[in-house]
Structure formats: C-alpha cells, structure tokens
Amino acid sequence: NAGVTQTPKFQVLKTGQSMTLQCAQDMNHNSMYWYRQDPGMGLRLIYYSASEGTTDKGEVPNGYNVSRLNKREFSLRLESAAPSQTSVYFCASSEVRQSWGYTFGSGTRLTVV
Amino acid sequence: DQQVKQNSPSLSVQEGRISILNCDYTNSMFDYFLWYKKYPAEGPTFLISISSIKDKNEDGRFTVFLNKSAKHLSLHIVPSQPGDSAVYFCAASEDTNAGKSTFGDGTTLTVKP
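From first to last, the protein sequence lines stand for chains F and G. This note's numbering numbers the first residue of the first sequence as 1 and each following residue consecutively. This note's numbering numbers the first residue of the second sequence as 1 and each following residue consecutively.
Source of the hints: derived by calculation from the structure; they are not laboratory data. Be a bit skeptical, because a hint or two may be false.
Negatives, chain G to chain F, calculated, CB over 10 Å [said to hold, decoys possible]:
1. Leu-11
2. Glu-15
3. Ile-20
4. Ser-28
5. Glu-42
6. Phe-46
7. Gly-60
8. Asn-67
9. Ala-70
10. His-72
11. Pro-79
12. Pro-82
13. Asp-105
14. Pro-113
Listed below are several chain G residues computed to face chain F (Cβ distance under 10 Å; list not exhaustive) [as the list claims (entries may be wrong)]:
15. Pro-9
16. Val-13
17. Cys-90
Cut-off 30 Å, straight-line C-alpha distance, at most; resulting in silico cross-link-like pairs (DSS-like, lysine-lysine) [said to hold, decoys possible]:
18. G:Lys-37 <-> F:Lys-9
19. G:Lys-112 <-> G:Lys-5
20. G:Lys-71 <-> G:Lys-5
21. G:Lys-37 <-> F:Lys-57
22. G:Lys-54 <-> G:Lys-37
23. F:Lys-9 <-> G:Lys-56
24. F:Lys-9 <-> F:Lys-71
25. G:Lys-5 <-> G:Lys-37
26. F:Lys-57 <-> G:Lys-68
27. G:Lys-54 <-> G:Lys-68
28. G:Lys-37 <-> G:Lys-112
29. G:Lys-112 <-> F:Lys-57
30. G:Lys-71 <-> F:Lys-71
31. F:Lys-9 <-> G:Lys-5
32. G:Lys-56 <-> G:Lys-71
33. F:Lys-9 <-> F:Lys-57
34. G:Lys-5 <-> G:Lys-54
35. G:Lys-68 <-> G:Lys-5
Source: prediction; values computed, not measured. By construction, the Cβ of each residue, glycine as well, lies at the ideal position given by its N, Cα and C atoms.
One chain only, chain F, in its complex shape:
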C-alpha cells in the first residue's frame, strides 16, 4: 500500500547509545517531516525537509540530526540518547498543496533508559 513506512516500530536504548530512525515514502512527495509526540501533548516538529537536498530545524531539534538521502527517504539520528528523548516519533510527507495535509507513518515508540 502507498504511504509512509517507518522502522523500527519499537526500540529501547540505553542512555548514551545512538540509533537512526528510518522513514520512506512512495507518494513522490517533496516535503518530509519528523515530529515527536509526548504523552498528553501534541506533535512537535523536530526537523523538516522541504525538498530533496534541504533540511531545516523545527521547534525541538536539539539532540537530533537528519539526512534527506533522496526524495523517498528521510532519516532521524540520535547521536547520544537521553531519557528526555523517550517519545513516539512520527515521520510525515506532503505535497506542496498544504490543504491536502500530511500522510503520517505509524510511528516509532522509543524508550531511553
């Protein structure tokens, strides 16, 4: 099925470990985004990529890096995980027309102990 695929779905890390969250979309969308959702809160933007080859910081970028590998793939890296990064991470993509909204992946539930 067409959409946004995130891997892994679940991950437990120890403080200080690193990992990369993968995201791929097959809808030929130009823009891609990484959000995090903490309990009882909305989604906060970590990084986004308006088009292939560009990336920009969002609201909460500290502790993260991203790579827009090609038009399809946008990865999020935690270099040294901290308990404050325990969250659910969502990748999304969109067309230029914002009225069409985002297509989200199913999320990665990350726990840092």
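Place chain G on chain F using the hints.
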C-alpha cells in the same frame, strides 16, 4: 507560547448527536487549518482542511468552521458514530514555511453507543 490550542482534553457524546471540537490560534499568519484523527498505536490521518480565506468547508459528516476575527475554528461531526472515537488534532500552517504545521495538544472524543 503555544500558537495552537485545544482547550478541551476530552469530549463525550451520544451516538447520533453532534460532536463539536474547538481550536484557538494566536498567529494571524496561518494560511491553512487542518484536522487530523488519531487512533491508538497509529499515525494521525488527515481529515479535513480549510483555507484562511474561507469560513466553512464541508466533507460528508465533517464540517470545519473558521472565525478569523476570533482566531477560532471548530470541527462539527454530524451524526457522531462510535467509530469516530479517537484523538482529534487541530493544526495550522503558513504558505511560506515549507508546509510545516503547528499542532494543538489534541481532544479525545468518545462516542457512546
């Protein structure tokens, strides 16, 4: 400062009645307003949007109303069905900002049979 606010964390309605979910915003530069629906353990799915130049948009059982002077929008669901039980997020975006959206904290809607 939270730019998009959903002041009601939860709402409970009877099946067949109207559900009204509310959202307030502070940034007058927002061009689009969107509603997403989220089931547990899934990513949000786009529901309906409205441009800032309109005051109403309708799609089946879902209608969004925008009051720009009050910086307020609402989502009406008529008639409500048990399958509508989910968390609803309000979001807003600017045309000039690569489509990145700012989300509210969500309202959990429960529709009772």
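Worksheet entry | Unsatisfied constraints (hint numbers, rising) | 5, 6, 13, 16, 23, 29, 30
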